[in-house]
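Student: The task is simple: from the sequences and hints, build the whole structure.
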Amino acid sequence: MAADLWAALRPTQWIKNGFVLIALVFSLHLGDSAAVARTLAGFIVFCLASSSACVWNDLFETSGDGHHVRIRSRPIPAGRISSSSATALAVGLASAALAGAGAIGLPMVMCVSAFLALEAAYTLKLKHIPVIDVVTIAGGFVLRTAAGVVTAGAHMSAWLFLATFLLAMFLALANRRAELDPRGANASADRPAPELYLRVPLDALLVLSALLVVMIYTQYTLSTEVAQRLGTSRLYLTVPFVVCGVFRYLFLIYGRDQGGNPTEALLGDMPLLGAVALWAATVVVLIYS
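Add 42 to the 1-based position in the sequence shown for the working numbering, that's all there is to it.
Read the hints as simulated data drawn from the structure, not as lab findings. There are no misleading hints in this set.
Have a look at the derived ranges for each label pair, beta carbon to beta carbon:
id, residue 1, residue 2, range
1, 145, 289, 35 to 43 Å
2, 53, 163, 21 to 29 Å
3, 322, 86, 17 to 25 Å
4, 126, 70, 44 to 52 Å
5, 293, 86, 27 to 35 Å
6, 171, 312, 34 to 42 Å
7, 265, 130, 46 to 54 Å
8, 330, 170, 42 to 50 Å
9, 298, 271, 36 to 44 Å
10, 126, 273, 50 to 58 Å
11, 53, 323, 20 to 28 Å
12, 57, 145, 21 to 29 Å
13, 60, 265, 21 to 29 Å
14, 282, 163, 36 to 44 Å
Here are the computed lysine to any residue pairs in the SDA-like style, where the Cα-Cα straight-line distance is at most 25 Å:
id, residue 1, residue 2
15, 58, 74
16, 58, 197
17, 169, 134
18, 58, 146
The structure displayed is predicted, hence computed values, not measured ones. Glycine is no exception: its CB is placed at the ideal position from the N, C-alpha and C atoms.
Tutor: Listed below in structure tokens is the structure:
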């Protein structure tokens, strides 16, 4: 039972909450111990909130996901955790997340509340509406980043907002593309949204979002304003890592029928993991050295 409860939390999904940490680095507060402590607390809070959302999603989609090749083995859809236990778990996690957010401050409570509300709307309705579903997912990532901005004592710049939103759109569209591929492990005939995506040029949207991510990030690194604020004009040296990561992800989708799950792709593909690690290390060195 303990193993099933842990699996229901989907701890591998906590990697997505790494977006909470981004503002800490780019706001030049990485050396501020108080800001670091608040940001790590915010990361934990969002791990609780995202796990609550995962439990709710499995609980409300049990009937549909029971036949999904990837989801049917999860503890809740498989019936190894009862509906009452799953409900108690989701409520407990959400309550703990809100309590933790309250200890950080009202802006954090607003971020977590908005995130939980958005995830609830996604589970109940929005996941079945093409385009709106991926925008909703992107909104969740933006709220994670906003929480990091709050805990770091920074402000949400237009660059950070656009980069987060576009990258999240790219990852969400990649997930939908993987679900459409009958050869892939994410294939499903049970979900309305992927079926409706057959009517739109999903491949074109995916490639366009990838190009926009690279373009926006490149413009960010070349911005004179950014160079003055960060104290370095060499941030462009990180662009190759972003290009490599984005294109490698496209390769996983089209070449290996993978990439539907960003966390699994990141942890399971060394070139992709290496590109992300080198990007992060180079950013820190350039900004703080």
